[in-house]
Amino acid sequence: MKHLSKLILFTSICSLSACGTMKQTFNDMRKVEKVKPWEKNILAKDEMKLSGSPVESYFDSHIYFSKEASTGGSGVGGGGCGCN
Amino acid sequence: MAAIKKITPLLAAASSGLLPGAAQSQTVYENDWNLDFALLNYSEEDRIDVTTLATTVDGRLSDDDYVKVRLALDTMSGATPSGETPTENGSTFTGTSGGSSSTSSSSPGLTSFDDTRLEFDGNWEHTRSRISRLNYNAYVSVESDYTAIGTSISYQRDNAKKTKTWTIGFGGSYDRITGPGNGTPEPLSAANNNITNGVGKKNTYDLLVGRSFTINSRTITQLNYSISSSSGYMTDPYKVYSVTSATDTSTTAYNESRPESRQRQSIYWKLVHQTRKNNNIHMSARYYSDDWDVKSLTLDYKHRFNRFNGSYYEPQFRFYNQSKASFYRQNLAFDEATPEFISADTRLSDLQSITLAMKYGYLLKSEARINMRLSYFYQTVEDNFFDTNKALTFDINYSLKFD
Numbered sequence: 001m002k003h004l005s006k007l008i009l010f011t012s013i014c015s016l017s018a019c020g021t022m023k024q025t026f027n028d029m030r031k032v033e034k035v036k037p038w039e040k041n042i043l044a045k046d047e048m049k050l051s052g053s054p055v056e057s058y059f060d061s062h063i064y065f066s067k068e069a070s071t072g073g074s075g076v077g078g079g080g081c082g083c084n
Numbered sequence: 001m002a003a004i005k006k007i008t009p010l011l012a013a014a015s016s017g018l019l020p021g022a023a024q025s026q027t028v029y030e031n032d033w034n035l036d037f038a039l040l041n042y043s044e045e046d047r048i049d050v051t052t053l054a055t056t057v058d059g060r061l062s063d064d065d066y067v068k069v070r071l072a073l074d075t076m077s078g079a080t081p082s083g084e085t086p087t088e089n090g091s092t093f094t095g096t097s098g099g100s101s102s103t104s105s106s107s108p109g110l111t112s113f114d115d116t117r118l119e120f121d122g123n124w125e126h127t128r129s130r131i132s133r134l135n136y137n138a139y140v141s142v143e144s145d146y147t148a149i150g151t152s153i154s155y156q157r158d159n160a161k162k163t164k165t166w167t168i169g170f171g172g173s174y175d176r177i178t179g180p181g182n183g184t185p186e187p188l189s190a191a192n193n194n195i196t197n198g199v200g201k202k203n204t205y206d207l208l209v210g211r212s213f214t215i216n217s218r219t220i221t222q223l224n225y226s227i228s229s230s231s232g233y234m235t236d237p238y239k240v241y242s243v244t245s246a247t248d249t250s251t252t253a254y255n256e257s258r259p260e261s262r263q264r265q266s267i268y269w270k271l272v273h274q275t276r277k278n279n280n281i282h283m284s285a286r287y288y289s290d291d292w293d294v295k296s297l298t299l300d301y302k303h304r305f306n307r308f309n310g311s312y313y314e315p316q317f318r319f320y321n322q323s324k325a326s327f328y329r330q331n332l333a334f335d336e337a338t339p340e341f342i343s344a345d346t347r348l349s350d351l352q353s354i355t356l357a358m359k360y361g362y363l364l365k366s367e368a369r370i371n372m373r374l375s376y377f378y379q380t381v382e383d384n385f386f387d388t389n390k391a392l393t394f395d396i397n398y399s400l401k402f403d
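Listed in order, the protein sequences are those of chains A and B. Here the numbering used here is used: position 64 in the first sequence is 64, and no number is missing along the way. Here the numbering used here is used: position 402 in the second sequence is 402, and no number is missing along the way.
The set of hints was computed from the structure by calculation and includes no laboratory data. Since we're looking at a predicted model, the values are computed, not measured.
Computed list of lysine-lysine pairs in DSSO-like fashion (alpha-carbon distance at most 30 Å, straight line):
#: 1; chain 1: B; residue 1: K302; chain 2: A; residue 2: K31
#: 2; chain 1: B; residue 1: K277; chain 2: B; residue 2: K164
#: 3; chain 1: B; residue 1: K162; chain 2: A; residue 2: K36
Using the sequences and the hints given, assemble the complete structure.
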């Protein structure tokens, strides 16, 4: 019982902490600021590209094109196929 | 490459004057080219198995010209739903789907296939000015029963501060489709009668308008609107539908029939953010609709946890919900009139898909990286004999930078 109480307390603290982090992240995402050229170092990173990983996007679009009726949205061009 | 080599020492020399202590530094050439080998294995439970090998080379030809070339090879085998609704007496339809023939007696409602596809995709981005770029793309995809060629051009223009970008793109493609016996089956004819027409041809034109915004130093977002118009042969030459007998104990398979035009449109939104703990969030949403009455919503979320040594792990989640096409029917009763358009293809039904994935990336050395991903795909299909589909995907890619 004692262990269970500790577990519940620990889980509650973690949940509140995660909630707080999520709220902070959400606030950071929507905070509109003017970005100076020298403040773009993070935005210039590969992992910040809107296009994401090209290989991963290629594989994913190929699979979902074959299994679902919807396609496109993120760009124009790319290969078609008669995939089943 | 030659142009880069000329410029890099000049930049190094110029920057040495700005940075104290850098005057004696050696000239450093950037690794301008990237070579990527990727392997994917997609395996459905008791159905399709696909292995894809893809090689990509990309890099700068000059300060203003960036090129990317990809060559991919798919080998596909296994069984796929034909559209037929089997009864307790089994399946009456013997079909093919992409290459070799098969019988479906052991797996009612499924047709086996075995095919290989080769794809070439080339991309060239040309920088026109400090704030504008043109991107040209062309591709060819060839398999035994399907050939697709396409081209596109897109123009990107930044604002003066490079915090906002407009994108406009046009694309066109031509597809050539054949079914069993190097022709396409006569729509609505009995499948076992093997009445075939000529080769199916399809043209597609795409238009995309997009806008990206820098929200703050850690967040960037994008909003796209795209429309697409296709005309020509849109029917799947391997798909059939069933007509049940009066006693409901057997069915007869007929070739499906789809409209010869399709207008699609979608709104796509994406946001990329780096958290205060230097992890990356990629989230996107797409709303899609077309004049076949298919409407869908796609939500995608990726959270990359960066580790100190250049490695990372990235859990991914994707949700997809789709409403059925207006002419989708699982089967017809024997006394029902045959509609002009009908398809029992699972992909045109009401369906939901969920993908859970975990990706891991590791920096081998400064010029090489390896990424691997394991994904689980689960799909539920309503009003169909095959009401679920499960697939496991593993992909791995090795990326190497070189001069």
